[in-house]
Amino acid sequence: MKIRTEEERAIMRSRTRRLTSAAAATGLALALVTGCGTDTDDEGLGDATPDATTPEATTEVTEEEMEPPEGMFFGSEVEVGEGSARTFVLLDDDGAPTEVGIRLSEGALEALPDAPEGPPEFWEMELPDEAEDTVFQFVSLDWASHGHEPPGLFDVPHFDIHFYMIEADEVMAIDPEDPEFAEKAENVPEPQYMPQDFITLPGAPVAETAVPAMGVHWIDSEGGLVPGEYEFEVVFINGSWDGEYTFMEPMVTLEFLQSRESFEAEIKQPEAYQRSGYYPTMYSVTFDEATGEHVITLGGMEMREES
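When we follow UniProt numbering, the leftmost residue of the sequence shown carries the number 1, and every step to the right adds one.
Everything labelled a hint here was simulated from the structure, so no lab data went into it.
There may be inaccurate statements among the hints.
[Said to hold, decoys possible] Simulated DEER-style distance windows between Cβ atoms:
(1) Pro-176 to Ala-290: 25 to 33 Å
(2) Phe-73 to Pro-176: 31 to 39 Å
(3) Gly-228 to Glu-266: 38 to 46 Å
(4) Glu-183 to Asp-94: 15 to 23 Å
(5) Val-78 to Asp-169: 17 to 25 Å
(6) Glu-186 to Phe-74: 18 to 26 Å
(7) Glu-110 to Gly-228: 14 to 22 Å
(8) Glu-231 to Glu-289: 23 to 31 Å
(9) Phe-74 to Glu-117: 30 to 38 Å
(10) Asp-175 to Gly-203: 21 to 29 Å
The beta carbon of each residue, even a glycine, is placed where N, CA and C say it ideally should be.
With these hints in hand, go ahead and build the complete structure from the sequences.
As structure tokens, then:
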């Protein structure tokens, strides 16, 4: 993996938006303005590590059971908590990608960093070379130990997983010090290039909701994201920058991962595509009993041509 300079890491760890009164006026805007950004210190959340209620560890598996499925290839592996996370791609018999994702070991949910007032911990992860036919370039795994604003929406410990369709250096260049920062933020993609029903954050000008080293977040207007009413377990966010659709972002709570329950949903599609490649049509969160890993997947890959 590329070694970041101290300046670059400072930018990545300052993923907080400069909130204005307009942005602060809308609770939902606050939710995503700091989404994947600064944590808030919520009383009662306590330590964000598993406790005695966490399901028992899986029984020992054989080496044969630990073997990855045929056609699965792994990218970079990083230390997370007391375990690890690794990216992967699954290819079909013809060598076409069917899914990409990350796999978190059981230990990755333990002894996670606790930063009630600081920005989240994050891990930049490379995809395997075999994922080159997908539209994704790399993955960023972010850990929000106390969730983020507003209360009643995303204020619980959770992971944000950004699957970027642009290079890491391009993401790093999303910097408020750039004289064209506001102009690039407000240059949203033409409507046909963003997934159906997704909108920029309400309550503030687009430029004021842009996140350094991320971009502009888009939410599902049909997703029922109402503070105090929405029960957050798994949710899907999209992102843009300077006229391009740039990332897909599943968010999943620590509690949901610990439950080992399964989740699957369709990914809403745009009418047209800015770049050719394999795009996912569904996403899922599952637990792999054979390997003892939590799996966040973008699957149902279909080839799309630039249009």
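Handout entry: Hint numbers not upheld by this structure, sorted from lowest to highest
Key = 1, 3, 4, 6 and 7
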